[in-house]
Amino acid sequence: QQQVKQSPQSLIVQKGGISIINCAYENTAFDYFPWYQQFPGKGPALLIAIRPDVSEKKEGRFTISFNKSAKQFSLHIMDSQPGDSATYFCAASIGAGSYQLTFGKGTKLSVIP
Amino acid sequence: GAVVSQHPSWVICKSGTSVKIECRSLDFQATTMFWYRQFPKQSLMLMATSNEGSKATYEQGVEKDKFLINHASLTLSTLTVTSAHPEDSSFYICSARDSGYGYTFGSGTRLTVV
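Protein chains in written order, with this note's numbering: chain A, 8 to 120; chain B, 296 to 409.
Don't take every hint at face value.
[As the list claims (entries may be wrong)] What follows is a list of derived Cβ distance ranges for each label pair:
hint, chain 1, residue 1, chain 2, residue 2, range
1, B, Ser402, A, Pro120, 25 to 31 Å
2, B, Thr352, A, Phe46, 28 to 34 Å
3, B, Ala367, A, Pro59, 34 to 40 Å
4, B, Thr312, A, Gln10, 35 to 41 Å
5, B, Ser349, A, Gln10, 17 to 23 Å
6, B, Gly397, A, Ser76, 22 to 28 Å
Calculated directly from the structure, the hints in this document are not laboratory data. All C-beta atoms in this analysis are idealised placements derived from N, C-alpha and C, irrespective of residue type, glycine included.
Model the full assembly from the supplied sequences, consistent with the hints where possible.
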C-alpha cells in the first residue's frame, strides 16, 4: 500500500523560530509532492508543491526540501508566526493513472508568542 | 487560482434522512473530483473518485449505496449520504484536479446526524 509517513505529530515553536515537518514516502513512482495547510473547520489549502526534478522550492517563508535518493521531503516555515498555527499535511501523487493524493497523517503546529 | 465551492458548510439532519452535498469547480473544468472524509484530529480518508459522465470508484470499505456520488457535469459533483445515521457524522471534503496538475479542495461540510 502506498504510504507517506509524516513527523512529528505535533510541534510547538516560538514566534520567529523555524518550524520543520518531515515526510518520507515509499513509492518511487510519486512525482508530485504538495503540502497543505488546514485550519479547524476548513478544507486543506495548498501551501507549496514540488516535483522530483528539483531539490528545493521556496515561496515566501515556506520552503520544501526534497531528497530523491532518501525518498524524503520536508517543509520549513521560517519566521513562524502565531497565524501559522494549523495542521499541515504532506501528500504525494503519481502523475499518470488515478491521480489520487496519498496524505500523511498531519502535524499540528502551534506557534506561541 | 482554481476555486472549488462546497455547500453546505454545515448541516444537521435527522437519523434516517438523506443529505446532499455539492461540490462545484468555479473557474475550471474538473474531469476528476475526489470525496474525502475526515474524523477529528485525523488525516483525510479518500472515499471515492468521481469522473465526469461515469460511475464513481469507491475505496475499499466505503458503502457505495450509502454514499451516492454523481458527477453529471465538468463543474459539479454531488455526494448524497442516504439513510444517514449518527455514525455518518463527520467532516466531508471534496477536491478537484485542475488543469495545472494541482488539487483544489472545497471548504468542507460538517454533517451532524441526530
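Now for the hints, and whether the structure bears them out:
Taking the beta carbon of each, B:Ser402 and A:Pro120 are about 28 Å apart, inside 25 to 31 Å as hinted. Here the CB-CB span from B:Thr352 to A:Phe46 is close to 30 Å, well matched to the stated 28 to 34 Å. Checking the proposed 34 to 40 Å range against B:Ala367 and A:Pro59 shows it holds: the Cβ atoms sit about 36 Å from each other. At about 37 Å, the beta-carbon gap between B:Thr312 and A:Gln10 stays in the expected band of 35 to 41 Å.
Judged by the Cβ atoms, the range 17 to 23 Å given for B:Ser349 and A:Gln10 is violated: they are separated by roughly 28 Å. Under the hint 22 to 28 Å, the C-beta atoms of B:Gly397 and A:Ser76, about 26 Å apart, fit the expected range.
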